[in-house]
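Asker: Chains as they are written, first to last, in the working numbering: chain Z, 1 to 483; chain C, 1 to 96.
By construction, these hints were calculated from the structure, which means they are not laboratory data.
Take these hints with a grain of salt, some might be off.
Computed list of lysine-lysine pairs in BS3-like fashion (alpha-carbon distance at most 27 Å, straight line) [as the list claims (entries may be wrong)]: (1) Z:K386 x C:K33; (2) Z:K106 x C:K33; (3) Z:K15 x Z:K386; (4) C:K85 x Z:K103.
If you want the building blocks of each chain, they are given just below.
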Amino acid sequence: MNREIYMNIKGLTIKKIHHDLTKKEYSSRELTEAFFNHIKKEDAKIGAFLDLSENMAMRQAEEVDKNISAGKGPGVLGGVPMAIKDNILIEGLRCTAASKILKDYKAAYNATVINKLRLAGAIFLGKTNMDEFAMGSSTENSAFQVTHNPHDLERVPGGSSGGSAAAVASEMAIAALGSDTGGSIRQPAALCGTVGLKPTYGAVSRYGVMAMASSLDQIGPFTKTVEDAALLLKELSGQDPMDSTSASFKFGADLLSPNIEDIKKLKVGIPEEYFVEGLDKNIAAKMNEVVKDFEKLGIKTKKISLPHTKYALSCYYIIMPAEVSANLSRFDGIRYGTREKADNLIDLYKKNRESGFGAESKRRILLGTFVLSSGYYDAYYAKAQKARALIRKDFDEAFKEVDVILTPVTPTPAFKIGEKSDDPLAMYLSDIFTIPVNLAGVPAVSIPVKNNSGLPIGFQLIGKHFREADILGIGQFYEKLYN
Amino acid sequence: MAEINDKILKHLAELARIEIDPKNEARFLSDFKNILGHFEELANLDTSGVVPMTGGTSLKNITREDEFNEIKDQGKGVESFPESKDGYLKVPPVFE
């Protein structure tokens, strides 16, 4: 192993790797080896990966090197070492969603996003830890291991995509994929100090991601820079016949090459409902610094109101478990993984589900069954669907006045491991700023606050449907202020 | 809004095909009471005349052409199934 490459892993981005591979400064094989060497030292203390896929990665790297030698170039994501959340299928690799019920399940096909990344030349290093079936905000609900925040090993990385966030934050991957149902990309990105993007609902195919709440789930990237997030979104997005909710929309040139003159014309709204009691004072102060930085760029800000924000948490924790209870019914001991023996069919279901699911999964399945059951449906599920319509209308109204909305991502920085694991409601409250975005289906990105010395803090930019170019454009110019 | 008790909890567990370990029953009940208590705020929200949002998108549904499509790789689906015999999926008997 070339020592110099190992030393240089730290500053690498997708853009830099593309440049270096094209100039033949190192090979994809050397780079991939350097990453595995780093992972083998670093991950013993972080616990980000559930499985490494070294053989597959080395084969992929050789393909990229072959293409470069043949003069075809590395491809847009050629040689980019990536980590993949363990609820996204890669053919031939174990895929567990961090659940005991799938501990022996091997994926039979590739998710659409995996096919797209492969075609673009990305390298898959391994599968990352998460809260079981993406249910949690700390990655403590994994059936297999705890993941530690690289900035303070006693603290959580956030969740549910905590392994993906921690892998990128500790330089064990250049980028990673996660899924975001109520904040599962943006919250861990904020707590680990990486960029995390939840695209517009329908922008990225969900085929091959294990469904949690189908009307809320989206796949998105973790990266070190906003520019890399835009590059990945471009590759991941597009209509897919295998996902009927994927949209035919195509992003324009402004996604990758934002123009400062256009960005200056954007109006940014700051909703008063997001700056309430319970928001960490330091985070509130940092949000003011971000506003000042935006003003330096020539962007105007104004106060706005999203009046139904306070109902979002209740609305989400009714709709999401309802969909969870339906989606997780397929894990019955018949179709996937291992099958425990029982005397009759009903007992077989119960036995497999009792031993296979963790406490939070059971809690949400039961809660979902409750809100959908006869006698309670109207008071809970039907009411929540109406509340969801009002929350979406808040955004529609706000976006008549402004182009982008700025908020904090989380009420507090990373909390201690074990601090909230006994109190589900306290854990749910850590998602209050990210949940409304999924309910409305709009895109949002979490970007690390620069000029910050303590635990990482993120700010969230929310955009209009399919206007990722606005939020990532502002983000790219914000980052340039500190380059 | 509704009260939850151990009888309802047992019924839900039956519907969801989940067995609740008696050791954890009290814990599930108290968590549920807290969570459902939080939901009570929704009762104060006026939703009269609001059309419910029933999915993640307001895009119109489209259907594909009804074409014959031969699937050639069911082998992998069979391989990932817990039990199989001669290329067929093996499941426990439904009727005794």
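Asker: Would the pair C:K85 and Z:K103 pass a check requiring their Cα atoms to be no farther apart than 27 Å?
Answerer: holds, 22 Å
Asker: Taking 27 Å as the top limit, are the C-alpha atoms of Z:K106 and C:K33 close enough?
Answerer: violated, 38 Å
Asker: Holds or violated: Z:K386 and C:K33, Cα atoms, limit 27 Å.
Answerer: Since the Cα atoms of Z:K386 and C:K33 sit roughly 23 Å apart, the hinted pair holds (cutoff 27 Å).
Asker: With the threshold set at 27 Å, check whether the alpha-carbon distance from Z:K15 to Z:K386 stays at or below it.
Answerer: Violated, because 44 Å separates the two Cα atoms, which is more than 27 Å.
Consistency with the previously given hints fails for numbers 2 and 3, ordered from lowest to highest.
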